[in-house]
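Undergrad: Sequence:
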Amino acid sequence: MLQKWSPKEDIILIGAWLNTSKDPIVSNEQKGGAFWKRIVEYYNASPLLVGTIPRELGPCKQRWSRINDHVSKFCGCYDRALRQQRSGQNDDHVMKAALDSFFTIMNLKFTMDHCWKELRYDQKWCSLVQGKDTVKEKRKVVDIDGEEAAVGEPEARPPGVKAAKAALKKKMNGREQELSNLHGALEIKEKLSRQKLLDRLFA
10 MLQKWSPKED IILIGAWLNT SKDPIVSNEQ KGGAFWKRIV EYYNASPLLV GTIPRELGPC
70 KQRWSRINDH VSKFCGCYDR ALRQQRSGQN DDHVMKAALD SFFTIMNLKF TMDHCWKELR
130 YDQKWCSLVQ GKDTVKEKRK VVDIDGEEAA VGEPEARPPG VKAAKAALKK KMNGREQELS
190 NLHGALEIKE KLSRQKLLDR LFA
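10 is the number of the first residue of the sequence shown in my numbering; add one for each residue after it.
Treat each hint with caution, since some may be false.
[What the hints assert, rightly or not] Straight-line Cα separation of at most 30 angstroms, DSSO-like style, residue types lysine-lysine; simulated pairs:
#	residue 1	residue 2
1	K31	K46
2	K31	K13
3	K46	K70
4	K82	K118
5	K118	K133
6	K118	K105
7	K13	K133
[What the hints assert, rightly or not] FRET-style restraints, in silico, Cβ to Cβ:
#	residue 1	residue 2	range
8	K126	K13	16 to 22 angstroms
9	D109	G24	27 to 33 angstroms
10	N116	A43	34 to 40 angstroms
Hints in this document: simulated from the structure, not taken from any laboratory.
Even for Gly, the Cβ is constructed at its ideal location relative to N, Cα and C.
Let the hints inform the model, and build the full structure from the sequences given.
TA: In structure tokens, the structure reads:
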């Protein structure tokens, strides 16, 4: 008998996938089998799952595939609904339109809103969904009535080392210019004071 997945288990699986894929030490040097073995180990080690039956690699991989597919399609539906939002419509209207679009495409209700909330702005997940093989152009998530929709806005990416150094240098250059201007003004003031003193002595 198949063991049904609960929302809590979905969140833990998503966390396991994200943490394993973002590992700065192993990074992209992970083969598929080893990658998923680590995800399953991470998942089963969660203290939130104490007392539950451990999951095996196959079911974890299948569940992630389903989550990934459904959430990426829903992101496209939601993005399209946002772009079509009319004046006076609130977030509830956008969500309803997105859910309706998803149902039209998949012929089933979207029941993974808990997964969507976890993934929709995650930079790593969004970059993979948008396509590994696209350099100039983002891969669109879903096609609805001939119109393509992309994944929502990802997390803001922190500046790189070079960009940070350049910004700091620019800031320092600005301060040096201010100091230079200040020194110039002080020199002029000092000259004027000396001139006034000389004038008084001659007088």
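Undergrad: If a hint holds in the structure, say so; if it does not, say that too.
TA: Evaluated hints:
1. K31 / K46: Measuring from Cα to Cα gives roughly 15 angstroms; hence the hint holds.
2. K31 / K13: holds, 27 angstroms
3. K46 / K70: Distance of about 10 angstroms is within 30 angstroms: holds.
4. K82 / K118: holds, 12 angstroms
5. K118 / K133: holds, 26 angstroms
6. K118 / K105: holds, 11 angstroms
7. K13 / K133: holds, 27 angstroms
8. K126 / K13: 16 to 22 angstroms: Given a distance of about 20 angstroms, which is inside 16 to 22 angstroms, the answer is holds.
9. D109 / G24: 27 to 33 angstroms: holds, 30 angstroms
10. N116 / A43: 34 to 40 angstroms: holds, 36 angstroms
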